[in-house]
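Enquirer: Construct the entire structure; sequences and hints are all you get.
Residue strings, one per chain:
Protein chains: 2
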Amino acid sequence: FVDFTLKICNFFKKAWKIGVDDPRKFAHGLRVGVALCVVSLFYYMRPLYNGVGGNAIWAVMTVVVVFEYTVGATLYKSLNRICATCLAGFLAIGVHWVASQSGTKFEPFILGASVFLLASAATFSRFIPVVKARFDYGVTIFILTFSLVSVSGYRVEKLLDLAHQRLATIIIGTALCMVTAMVVYPIWAGEELHFLIIRNMEKVSDSLDGCVADYFKDDEANPNNDEACSKNLEAYKSALNSKGSEDAMANFARWEPAHGLFTFNHPWKQYLKVSAALRNCAYCIEALNSCLYSENKSPDFVKIHLGDSCSSVSSHSCEIIKELAQTIKTMTRSSQIDMSVMKLNDSVQLLHENLKSLSTSLIQEEVPQSKTNENAHKESVLTVSLMDVIPLVSFASLLIEIAGRVEGLVEA
Amino acid sequence: FVDFTLKICNFFKKAWKIGVDDPRKFAHGLRVGVALCVVSLFYYMRPLYNGVGGNAIWAVMTVVVVFEYTVGATLYKSLNRICATCLAGFLAIGVHWVASQSGTKFEPFILGASVFLLASAATFSRFIPVVKARFDYGVTIFILTFSLVSVSGYRVEKLLDLAHQRLATIIIGTALCMVTAMVVYPIWAGEELHFLIIRNMEKVSDSLDGCVADYFKDDEANPNNDEACSKNLEAYKSALNSKGSEDAMANFARWEPAHGLFTFNHPWKQYLKVSAALRNCAYCIEALNSCLYSENKSPDFVKIHLGDSCSSVSSHSCEIIKELAQTIKTMTRSSQIDMSVMKLNDSVQLLHENLKSLSTSLIQEEVPQSKTNENAHKESVLTVSLMDVIPLVSFASLLIEIAGRVEGLVEA
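Which chain is which? The protein sequence lines are A and B, in order. Read in order, the letters of the first sequence correspond to residues 4 to 415 in the numbering used here. Read in order, the letters of the second sequence correspond to residues 4 to 415 in the numbering used here.
Treat the hints as calculated values from the structure; they're not laboratory data. Incorrect hints may appear among the rest.
Now the stretches of chain A that chain B is said to cover, found in silico as 3 or more residues with beta-carbon under 8 Å [what the hints assert, rightly or not]:
hint, region
1, 8-22
2, 26-34
3, 41-48
4, 60-69
5, 109-118
6, 200-210
Mimicking SDA-like on lysine to any residue, the simulated pairs with C-alpha atoms at most 25 Å apart in a straight line are [unchecked claim]:
hint, chain 1, residue 1, chain 2, residue 2
7, B, K240, A, K20
8, A, K20, A, N254
9, A, K135, B, S155
10, A, K20, B, F130
11, A, K240, B, S241
Ideal placement from N, C-alpha and C gives every residue a C-beta, glycine not left out.
Expert: Structure follows, in structure tokens:
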């Protein structure tokens with residue numbers, strides 16, 4: 004029993020930590036509570052209750068189902084729900100009218116067949132990528148409303164009244180959600196995406212820096228420093244694994260109105276392209292990292308020979324990535340980027356030269372042949388991997404220049 | 004207008020193609036239709052209707068909301084829905100009883116406060132990873148049911164009757180969904196995961212093979228072949244991007260009962276580990292691939308020197324990956340794997356030797372120094388990247404041996 008209590012305590016501690024780390028999550032819980040209470044007023048207060056009747060329950064339901072963490076997700080669900088309800092309602096009333104004209108005998112069959120056909124078609128349509136991305140929730144609500152109205156139409160007399168009231172309550176519910184989501188501590192999916200990508204860029208640049216520094220540093224560093232280092236090195240992994248959430252956020256961000264620095268038609272797709280380029284960089288760092296932990300190490304003189312040029316390449320790369328992050332942050336084109344790219348190219352050239360001279364010097368030494376060469380190739384892996392990073396970085400810089408231009412246009 | 008019609012035609016063509024490629028998607032649409040029609044019978048047939056009353060609509064709703072593509076997802080939603088409804092119902096009735104004892108004046112306040120508190124807490128709990136993974140839907144339903152019952156309890160007299168009927172209809176709906184999902188063309192999330200990972204393993208091994216072959220082949224290959232090759236090369240990307248869907252499927256697979264080759268407690272987590280190892284391999288192939296497309300090529304004599312040993316390393320790696328895929332497919336431990344791993348190690352050793360001899364021969368030639376060395380390091384990148392692949396492959400093999408053993412235990 005003590006074990007069980009301890010587990011529960013731990014669970015609550017963890018939960019509390021999540022909330023303290025990101026107080027907006029607490030705020031979201033409170034927002035939902037407030038919205039629910041406000042909507043319950045329709046039930047508690049007589050004048051409001053008389054307006055919409057027992058269907059007030061639908062407003063409560065709408066709030067629970069529609070209210071999401073980000074504004075974009077809430078808007079997506081709200082708009083989908085309203086549109087799908089309207090469309091399905093009209094269709095169902097139309098089918099009901101046709102069925103009622105054809106006599107009591109055929110009525111249930113016509114209704115049943117229409118439900119079967121539309122539900123099958125709509126369910127299948129959810130597999131189409133475009134529908135899946137933008138209207139998945141809407142299709143569910145469409146099937147729901149259509150079958151509810153057409154099935155209950157068989158027994159309920161005042162179908163139009165019912166539909167009208169239901170639509171009114173759903174609109175009340177969604178409107179309340181939208182307003183609450185946008186006014187009380189709004190959390191914009193677009194903003195989240197924006198900062199997520201900037202954060203990832205910084206992490207990737209830190210890892211690149213750390214990785215190269217780690218490779219060339221003395222082995223006698225103090226262990227405390229090492230731990231921080233390895234944390235830095237692992238940072239790029241978050242860039243590797245964030246594809247799913249980025250896609251979802253870009254999807255929701257499309258539904259958001261203008262807010263803060265972002266206009267309505269902000270080029271969210273550019274963000275996805277940037278993050279794809281960034282992921283490519285992260286793959287390269289992954290490869291570099293595995294060199295770092297491989298068994299055979301290069302001798303010190305090779306390290307010293309190449310250390311400076313390698314570090315200059317990596318530091319220039321880091322600079323560019325950080326500058327790009329800054330560019331995205333401020334959404335203005337930085338004039339320094341072209342300069343930095345030129346500097347980077349220069350240092351790559353220098354590294355090339357150094358490699359060539361290294362090979363020459365190695366051949367001149369000729370002692371211990373096999374070992375040094377073994378290590379030289381180890382070394383060169385590092386540099387070539389770095390060289391792999393560079394086209395990707397310049398690719399990313401191009402992309403972001405495009406993004407910057409588009410943003411410039413939007414702002415103008 | 005013609006443009007518009009064309010677009011719609013295209014849309015339908017695409018949709019049709021999706022269905023033809025995977026007929027199970029059509030089947031799923033039909034299944035939902037059938038389930039909805041069966042549940043509508045409760046409304047159309049008088050004896051059934053008298054049993055559950057107007058609440059039959061809840062059964063329809065449950066079917067629409069709960070029915071998902073895979074059995075695991077359907078079970079997850081069904082069980083979550085039933086449990087959450089029961090729990091919230093009892094809680095709400097309890098709170099209602101307390102509130103009704105405290106007089107009419109305080110009643111709405113107590114009800115409102117309880118809704119506010121529980122809704123806030125439950126919404127916040129959705130941010131906790133464990134809850135998010137397993138009970139996300141259940142929490143939504145909990146909030147929904149609790150607020151519905153406690154809010155409508157303020158006006159509706161026979162609360163217990165209402166709750167009882169609603170629970171009955173929900174159980175009818177979920178039971179119908181579960182039976183339909185499991186009996187009519189079942190699509191098991193576990194099976195999907197199983198085959199997805201096997202397919203990914205085969206793709207990665209094909210890409211590795213194709214990549215190395217491409218590097219060492221003559222440039223005068225016919226273009227037709229090239230296209231197939233590049234398709235092969237791109238195959239590993241599907242392994243890179245499948246993390247999200249794998250996680251979701253492993254999550255759903257946990258809810259599934261024993262089916263086909265899989266028992267109830269099948270070690271689904273092992274699949275995730277295997278796929279993580281596989282993704283590591285895919286990163287390496289990504290790095291290899293960038294070598295393939297880089298500008299500076301190595302001279303032919305280096306290629307000839309190393310070609311054989313490189314191809315033997317890669318073919319052994321491919322063999323191992325394919326054998327592991329076979330192991331997972333049949334869920335038996337193959338005795339050949341140890342042998343293959345040994346062979347692989349031998350060929351790696353050979354490659355090492357070749358590299359050393361290459362460097363020696365290079366030094367003996369000493370003409371054209373800088374150029375050959377430049378290329379030698381290019382070459383060595385390839386081989387070292389291959390060597391990077393190997394620990395990963397052996398890591399994967401270890402993992403799958405563990406998986407095989409666990410499965411052997413489960414089967415025994």
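Enquirer: Determine for every hint whether it applies to the structure shown.
Expert: Each hint, compared with the structure:
1. 8-22: holds (count 5)
2. 26-34: holds (count 5)
3. 41-48: holds (count 3)
4. 60-69: Per the Cβ count (5), the hint holds.
5. 109-118: holds (count 4)
6. 200-210: violated (count 0)
7. B:K240 - A:K20: violated, 37 Å
8. A:K20 - A:N254: Distance ~29 Å between K20 of chain A and N254 of chain A Cα, so the pair is violated.
9. A:K135 - B:S155: Status violated; Cα separation ~35 Å.
10. A:K20 - B:F130: Status holds; Cα separation ~11 Å.
11. A:K240 - B:S241: Given pair K240 of chain A, S241 of chain B holds - Cα atoms ~18 Å apart, limit 25 Å.
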